[in-house]
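Visitor: With chain X fixed as given, assemble chain U onto it according to the hints.
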Amino acid sequence: MNSTLTNFQFFIEHDINPFIVFDHAGKVLYINNAADILLGYANKQELYDLTLSYAPKDFGFKTTKLNLQYDSFNFYAIGVGYESEEQIAIHLYHRPSLEAKNTQHLDSYHTTDINVLLEANISLFKLQNSNQLSLLTDHELPPFKIDQNQFSKLLRKILNAFRSSDSISISLTLLIGEYIIIGNKKERLIQLSVEANGRYVDEDDEIRTIARQCHITPVLKEHSIRLQIPFLQ
Amino acid sequence: MIDQFLTHSSHIHNIIKGFNLTKSLFVSSILIGEPHTGKKTLIRYLFPDTPMVSGDDHTKVQDFLKNNDEIIIFNFEKLTNIENLDFNNKRVIALADYIGNKNTIDDLFAFIYTMPSLKDRQEDIKLLANHFVKEVANNLMIDGNISIDLSKIDISNNVRSLKRSVYHQAFVQNCNHNDIEEILYHYLYHALQGNNDYKEFLPLFEKPLIEAGLAKYHSQLKLSDILGINRNTLRKKIYELNLD
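Those protein sequence lines, which keep their order, are chains X and U. The numbering of the first sequence is the working numbering, which starts it at 1 and goes up by one. The numbering of the second sequence is the working numbering, which starts it at 1 and goes up by one.
Keep in mind that the hints were calculated from the coordinates and are not lab data. Careful: at least some of the hints might be erroneous.
Claimed, not checked - What follows is a list of derived Cβ distance ranges for each label pair:
#1 U:Asn75 to X:Leu175: 44 to 54 Å
#2 U:Asn75 to X:Ser130: 50 to 60 Å
#3 U:Asn157 to X:Tyr179: 51 to 61 Å
#4 X:Pro96 to U:Asp107: 23 to 33 Å
Said to hold, decoys possible - The calculated lysine-lysine pairs, modelled on PhoX-like cross-linking and capped at a C-alpha distance of 25 Å, are:
#5 U:Lys90 to U:Lys17
#6 X:Lys157 to U:Lys23
#7 U:Lys66 to U:Lys40
#8 U:Lys216 to X:Lys126
#9 U:Lys216 to U:Lys152
#10 X:Lys157 to U:Lys102
#11 X:Lys145 to U:Lys66
#12 X:Lys126 to U:Lys66
#13 U:Lys152 to X:Lys157
#14 X:Lys126 to U:Lys119
As the list claims (entries may be wrong) - Which stretches of chain X does chain U cover? Using the computed rule of at least three CB atoms under 8 Å from a CB of chain U, they are:
#15 152-158
#16 174-184
All residues carry an ideal CB built from backbone N, CA and C; glycine is no exception.
Excised from the complex, chain U in its bound form:
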């Protein structure tokens, strides 16, 4: 049971309004939008008890239509022979990542809604990021502060990549010395296999060390003091690691 669908988007609020108005009517509606835009979550929030069936199983869809007055068909784009479906006197809610034949969709559905992708509802990015910050803190039992850099949030795959970005940032910010050692151990254990691996894998440590130092002290002279190495050695490393 979903208590609330998180959105500040007026477009989605209008979709919710439309579905709420037709909730008791025998009409067919389709919600079309990119993968991971929250279509399924939204429909589950609006119709928590409605039977749900995937469009990749045509026989099952027909059975559901036969036995129920109200159904949700997700992956509708995968459904074949849609011209033969009988939606009369049914409340059908379909979810599709894209539409194949526009005319068939136009014939079958009374209400055709488009779910905006995250790039078209920037107002939801911060809201969803905050939601996942709470979730990740709870799931990973993180007590410390999590500060998300919204400019580094990846929305290329909508909510899915956004969630991954938040989890990634939260984890990275809360790793301690032992975690990093463990991660490096795990990585190196699987990656070591050549004959020059000391030189090969040393940048794994040196690059973030110098990068972070330069970002923090803004001076190679100061950083060389902090690191306790010669200024020329540091400059050479910066050149070798392509950090200049």
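Chain X on its own, in the form it takes in the complex:
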């Protein structure tokens, strides 16, 4: 088997697991697509320090199991390797996510103007709460397919988590360069972000469950909840 004829870089470039090569000073020499996205959420220096910390004692490659989370990215292991003093590489392995049982088929999703759903849910929220609320949305966003009922339920629960917050900021944007694979199809992502100075966490588990049922990736933090929604056309 002659491996020299194989263009390994092509395969690494499109690996869903982030791969980064640093020089001896921590400068990035190469990153694949997945790592490019990861660096939007993780600090480069932090990743370099991590690489050095888990590097093998001698030339070679070492895989270590550890839990890492950067925003919505979850990793269960890293591999660090080097064969010279000049270059060191890290490979981060995504934690396989357990697919929630999809009770709804994508075919039954309805094309929806998400701004209408947002407005209706904000209107409902305002019936019970007087919190200051700001909304930054893209009204040019074309309608896309979504489970209207489940998504409304999700929005209600998310807004409810902010029921005692002083001021709530809601924003809706189309994410550039990030995708999700659903049914072997690459779909663009829309991000809905709700932020405030604090929030309740009592319904976090339900928020996660409903989100996953709708193919939505939830990112729940102390002061914010973000949803990455597939832009299904």
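Guide: Only chain U this time, still in chain X's reference frame:
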């Protein structure tokens, strides 16, 4: 067909806004509120052509769900086995006087609205009273002026008791001599049955007579002149009728 839902309540205007926004979406909504707060009227105003089914008939509800994309279920609190209902890809609007299991409601419905009772929307009392004044004038063919005392409006049973209060006041204000005689005749005809009924039923006439006189003239002396009876007799009557 209802042309307009009468309300000055901002809360209800927001409910209307919410329903209007989701009118074309396949979402499930529930409107919860005390009896006779206008839930059904509001939903009929917003969804005039949507099939309606009562929650006290589970089989019928399931049939309606099977055969329609959009349904209204009233008396939802009476519906049993609600966990087994499939609201997927349906526009379901439920109306309930109260909710039993909060978690089930939370699981089933995307939009949960609360209809305020009349005591929580005082701004609607005058509006609704005026509406029913016109209605009663029309229905009972009353030509005279109807002046409603809002302080005497009963809202304990929301719009139902309010309407009854308005009809009652309108009728009482427009009774003439003959009507009163007829009412008394009807009442006495059914009520007379004892052996001392003259004394028993005389206050029926004397009490309002003296009460109205005292309210009008504010003086027992003046009233005794008006009624043409002795001042001491009047005082005795006032005592006997507990009007002092």
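Visitor: Please go over all the hints and tell whether each is borne out by the structure.
Guide: Do the hints match the structure? See the list:
Checked against the hint of 44 to 54 Å, the pair Asn75 of chain U and Leu175 of chain X passes, with Cβ atoms roughly 46 Å apart. Range check, Asn75 of chain U to Ser130 of chain X: Cβ separation about 32 Å, and the 50 to 60 Å hint is violated. A hinted range of 51 to 61 Å for the beta carbons of Asn157 of chain U and Tyr179 of chain X is consistent with their spacing of about 58 Å. At roughly 28 Å, the beta-carbon separation of Pro96 of chain X and Asp107 of chain U lies within the given 23 to 33 Å, and the hint holds.
Taking the CA atoms of Lys90 of chain U and Lys17 of chain U, the gap is about 20 Å. The hint holds against a cut of 25 Å. Between Lys157 of chain X and Lys23 of chain U, the direct Cα distance comes to roughly 21 Å. Compliance with the 25 Å bound is thereby established for this hinted pair. Our distance criterion of 25 Å between C-alpha atoms is met by Lys66 of chain U and Lys40 of chain U, whose separation comes to about 22 Å. With a C-alpha separation of about 51 Å, the suggested pairing of Lys216 of chain U with Lys126 of chain X is violated against the 25 Å cut-off.
The suggested pairing of Lys216 of chain U with Lys152 of chain U holds, with an alpha-carbon distance near 19 Å, which does not exceed 25 Å. Only pairs whose Cα atoms come within 25 Å are accepted, and Lys157 of chain X paired with Lys102 of chain U is accepted, the gap being roughly 14 Å. Taking the CA atoms of Lys145 of chain X and Lys66 of chain U, the gap is about 23 Å. The hint holds against a cut of 25 Å. Among the hinted pairs, Lys126 of chain X with Lys66 of chain U is inconsistent with the structure: their alpha-carbon atoms are about 34 Å apart, more than 25 Å.
Our distance criterion of 25 Å between C-alpha atoms is broken by Lys152 of chain U and Lys157 of chain X, whose separation comes to about 43 Å. A distance of roughly 20 Å separates the Cα atoms of Lys126 of chain X and Lys119 of chain U; the hinted pair therefore holds under the 25 Å criterion. Under the rule that three or more residues need a Cβ within less than 8 Å of chain U, the assignment of the region 152-158 of chain X holds, with 3 such residues. Counting residues of the region 174-184 of chain X whose C-beta sits closer than 8 Å to any C-beta of chain U gives 0, which falls short of three, so the coverage hint is violated.
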